Amino acid sequence: MMSNLSIEHSLNQLKVLIVVAIMILIGQRIGYGIPIMDAIPGIIIVVALAMFALIIKESFPNIKFPAFAYASLAALLLSMPFMPTSEWFLRYTNEVSFLGTTTPILAFAGLSVGNKIQKLKNLSWKVFIVAIAVFIGTFFGSAIVSHIILKLQGII
Amino acid sequence: MEEKDQLSKNEKLLKTKGRMGTFLKLYLTVLAIVIITETIGTQTFSVGPGQVVLLPMLFAVVIAILITPNLLGKVFGFLKGIVSMEEVKLASPMVMLSLLPLGVKYGTLVGPNIVQVVKAGPAFLLQELGNLGTIFIALPLALWLGMGREAVGATASIAREPTLGVIGERYGISSPEGTGVLGTYLTGTVFGTIFFGLLGALSVNTGLHPYALAMACGMGSGSMMTAASGSLAEVVPEMKDTILAYAATSNMLTGVTGLYSVIFLGLPLVNFLYDKLSPHIGKKRREKYEAERGNNDE
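Residue numbers (the numbering used here), protein chains in the order written: chain A, 1 to 156; chain B, 1 to 298.
A portion of the hints provided could be inaccurate.
[Unchecked claim] As a list, the in silico DSS-like pairs of lysine-lysine whose alpha-carbon atoms are at most 27 Å apart:
hint, chain 1, residue 1, chain 2, residue 2
1, B, Lys74, A, Lys119
2, B, Lys288, A, Lys15
3, B, Lys240, A, Lys119
4, A, Lys64, B, Lys89
Treat the hints as calculated values from the structure; they're not laboratory data.
Since we're looking at a predicted model, the values are computed, not measured.
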């Protein structure tokens with residue numbers, strides 16, 4: 001499969017990211033008292049890495065790796081302690097609050113399920129109970145395994 | 001093929017030409033939600049032995065779901081003028097894009113702790129198997145409730161997009177297995193963040209170490225992981241950095257291994273257990289249920 005990259009689409013994505021960045025700046029000003037001006041260099045770096053992740057993802061459509069993971073991976077590499085970039089990179093991105101980035105996502109996510117409510121209502125209540133059991137089982141299944149292994153390794 | 005269609009659909013949705021109104025309404029709605037929820041801020045209170053942490057993102061998802069056309073939009077007509085199905089549709093590709101700044105933030109949490117993360121490598125890999133634990137709890141329950149083959153789809157995994165794809169391809173999405181997987185998927189999409197946002201903080205009371213709980217937060221869904229690890233970190237703030245780093249790493253790993261784990265482990269296991277257990281658990285209820293379904297078909 002060829003690259004899915006298109007300049008028009010990338011520009012549209014960039015526009016959305018800029019709007020989201022503004023929302024983050026306003027949200028974290030209200031919620032965590034971070035002055036908007038202080039956070040501007042950091043948010044520009046964040047948007048640049050996000051764009052980078054999208055471009056990589058669409059240039060290599062055969063690798064089934066989500067853009068979210070590319071974005072994390074790029075930031076991870078830049079912030080490793082032995083990297084020359086880590087000091088300035090962390091200094092600027094620290095002005096972007098972790099929790100501040102989460103509210104716009106969940107607002108979009110909540111709105112986006114709007115057309116699934118009717119489908120959900122049509123399902124049996126049993127499905128709902130079973131789904132909750134699945135959530136609990138997945139969560140504690142891996143927590144118990146992690147706890148045992150971390151203990152064996154002497155990390156906890 | 002389907003993925004390609006999805007891609008071009010998202011591409012079309014993001015075109016601004018002639019749709020400025022939809023974009024503007026959606027952006028202003030989300031901005032209003034952000035302003036309201038950040039003003040409320042994080043609310044923490046004790047319930048019995050545990051602590052409930054309500055993060056702004058939790059308020060955001062609840063408000064956003066409530067104002068959609070089929071809920072409060074039905075009651076208050078004017079809401080439909082702001083959030084119609086057009087805005088709902090556009091919100092979907094926005095989720096993926098707005099997740100990216102968070103992805104960058106997670107990277108900045110893992111990077112400085114990379115040595116610690118690598119040291120915990122064996123735990124990260126093996127806990128992926130722990131995700132299969134759900135089958136042993138949820139499948140017997142589903143059978144006891146009288147579910148048929150729906151149980152296979154519903155309990156094979158936490159049913160994020162890769163599982164939906166695998167089961168849809170193997171059994172067809174309108175098969176009983178497809179109905180089951182869709183049920184868990186929809187419940188997770190609508191209630192997942194709320195549920196894990198609460199569970200993340202309360203889980204500390206089980207006595208499991210917060211680091212182990214942090215690894216469990218990575219289940220292959222960015223928003224569920226964020227809700228769970230965010231509220232967990234709020235309860236044990238002195239471990240915040242490691243908790244977020246572990247959760248993000250585990251989620252990344254699940255993103256890579258999740259699909260294969262469903263194909264090679266989850267589905268074979270759930271099918272094996274279904275054959276073993278279904279003659280013994282909930283047989284009467286299932287027969288009754290299947291007879292009813294048969295009647296409905298006629």
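May I ask which of the numbered hints given earlier this structure violates, with the numbers listed in increasing order? 2 and 3
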